[in-house]
Amino acid sequence: MRERSLIVAEIVLISLIGGFISIDRTAAFQIMISRPVVTSPLIGMMLGDVMTGIQAGLIIELLWIGALPVGASVPPDETIVSILVPSLAIWQSRIIGGESFQTLAFALVLTIPLAMLARRLDSRIREKNIASAHAADRFVQEGSMEGVGRECLSGLKRFYFAYSLLIFISLITGAALFPFLYSLLPPFFLKGLERLFYLLPVIGLASLMVSTRVKNSLKFFFLSFTLVFSLFEVF
Amino acid sequence: MLRSFLIQGTWNFERMQNLGFCYALLPALTHLYGKDEKIRGPVKRHLEFFNTHPYMAAPVIGAAVKMEEDVARGKMNGEDVNTFKVGVMGSYGAIGDSFFWSTLKPFASLIAVFSSLMDQVLSPFIFLILYNISHFRLRIEGFYLGYNEGIGVIDGMKRFNFPNMMKKIKALTVISSGVLLAVYVSIKPETGFGQYGLIGALVAVVLFGLYYRALKWGVTPQILIYASLAVTAGLSAFV
Chain W
1 MRERSLIVAE IVLISLIGGF ISIDRTAAFQ IMISRPVVTS PLIGMMLGDV
51 MTGIQAGLII ELLWIGALPV GASVPPDETI VSILVPSLAI WQSRIIGGES
101 FQTLAFALVL TIPLAMLARR LDSRIREKNI ASAHAADRFV QEGSMEGVGR
151 ECLSGLKRFY FAYSLLIFIS LITGAALFPF LYSLLPPFFL KGLERLFYLL
201 PVIGLASLMV STRVKNSLKF FFLSFTLVFS LFEVF
Chain E
1 MLRSFLIQGT WNFERMQNLG FCYALLPALT HLYGKDEKIR GPVKRHLEFF
51 NTHPYMAAPV IGAAVKMEED VARGKMNGED VNTFKVGVMG SYGAIGDSFF
101 WSTLKPFASL IAVFSSLMDQ VLSPFIFLIL YNISHFRLRI EGFYLGYNEG
151 IGVIDGMKRF NFPNMMKKIK ALTVISSGVL LAVYVSIKPE TGFGQYGLIG
201 ALVAVVLFGL YYRALKWGVT PQILIYASLA VTAGLSAFV
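Residue numbers (this note's numbering), protein chains in the order written: chain W, 1 to 235; chain E, 1 to 239.
A portion of the hints provided could be inaccurate.
[As the list claims (entries may be wrong)] Dumping the calculated SDA-like pairs for lysine to any residue here, alpha-carbon to alpha-carbon at most 20 Å: (1) Lys44(E) - Ser144(W); (2) Lys38(E) - Gly149(W); (3) Lys191(W) - Lys168(E); (4) Lys168(E) - Val210(W); (5) Lys157(W) - Phe29(W); (6) Lys168(E) - Ile95(E); (7) Lys168(E) - Val214(W); (8) Lys167(E) - Ser91(E); (9) Lys35(E) - Glu142(W); (10) Lys188(E) - Glu194(W); (11) Lys157(W) - Arg120(W); (12) Lys38(E) - Gly143(W).
I should point out that these hints are in silico values taken from the structure, not numbers from a laboratory.
Working from the sequences, and respecting the hints, build out all of it.
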């Protein structure tokens, strides 16, 4: 019972802070604390398990390394995944235990659809922001510059509350369902999850090579790969 | 200048960064016109459509402040400010996207992953520092450059030398990606590719090739993850 109320408190805390982290992703600052390599260790730190947070961060970072926002196109939301995955894995190991690569991989395959959902949410907010642009026009007509300033910031509030709420709902649902779903998994599936975990960096690097448009990139990639790999084999 | 950090705060599909830009200029405009009726025109002007890369907005904001001062003194026409903004936003957007999003961000990620091989706790800090040096330099130096030069900022921005740096960083990214994969299949824990030696490395290379092809055909990484899980789980039922 005490453990359960601790998790609820942690969910509230992560949702409040997660809203700020999500704002960094597109709305303001963009100093990149919303990248997995920073977000996940931060969540890990809050939950008392930095190492799992770092592991999750590195894997998700590599997975998203080739996903680039170009112009108005926004890739699936890596920030919400970076918040959910370490949280679910850490709670799981705290209460029941479980191999960390397996829990991390399972949390990841469960939360990827959320990344797409969060991207939809992002464009919904940007549609809603149109109303603020119109309201600002009206305030200019009325000569109220304070009103204009307020409208300029209204989107930030919208982003913050929408993301905090989404994170809160997904954490509650995840915390309730994850241990149950995980306990249903047969041993061969757990082994499969662990093997998937090792493949993730390869997927990420492949997508990076696809998205960096460099002449002869594959040639140089394999050249440096072969060189370094042979060095490792010799020594 | 600090307000430039909020440029995308109320990004909208109709006029994009217009509110963010106007918000950044409001203090300057109030300073120039006070509570006077005359402020309405300039504020309205900066609520027009605007969109560029969020960091590149800093020099544009700086230059716009300078130009608005000239407008207030009657040395410049208000419409010229908007002509300038519309003139630079497209190319600045393209430069910013390709330098920060497509070049510096993946490179900083790679270096962070490398650093985690030595010290895991350091990797987030290395990422943030490496990335934000250029970011903050552009925000701060760019803003003052814009404010000092006004419309001359277009020439002044060449000092950042983005195209040249981009080439170098991209080449480094490709090479270090190869190195990273090699290190990844060579480290020897009980699990992962490392335990299989040369065969593990060959499997990794073949998989890399398959993923590369699939992504080129437009398969999304999400689908690749689920497809891989189906294969690894299926395989694990037997081996």
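Outcome of the hint check:
1. Annotation: proposed proximity of Lys44(E) to Ser144(W) holds, straight-line Cα distance about 12 Å (limit 20 Å).
2. For the hint pairing Lys38(E) with Gly149(W), the CA-to-CA distance comes to about 17 Å; that is within 20 Å, so the pair holds.
3. The straight-line distance between the Cα atoms of Lys191(W) and Lys168(E) is roughly 41 Å, outside the 20 Å bound, and the hint therefore fails.
4. Annotation: proposed proximity of Lys168(E) to Val210(W) holds, straight-line Cα distance about 18 Å (limit 20 Å).
5. A C-alpha spacing of about 15 Å is found between Lys157(W) and Phe29(W), which places the hinted pair at or below 20 Å, so the restraint holds.
6. The hinted pair formed by Lys168(E) and Ile95(E) meets the criterion: a straight-line CA distance of about 15 Å does not exceed 20 Å.
7. Simply put, Lys168(E) and Val214(W) have alpha-carbon atoms about 11 Å apart, close enough for the 20 Å limit, and the pair holds.
8. Between Lys167(E) and Ser91(E) the alpha-carbon distance is near 18 Å, which keeps this suggested pair within the 20 Å criterion.
9. For the hint linking Lys35(E) to Glu142(W), the alpha-carbon distance of about 12 Å falls within 20 Å, and the restraint holds.
10. A hinted pair counts as satisfied when its Cα atoms are at most 20 Å apart, and Lys188(E) with Glu194(W) qualifies at roughly 16 Å.
11. For the proposed pair Lys157(W) and Arg120(W), the alpha carbon gap of about 18 Å is at most 20 Å, so the pair holds.
12. About 10 Å separates the Cα atoms of Lys38(E) and Gly143(W), which keeps this hinted pair within 20 Å; it holds.
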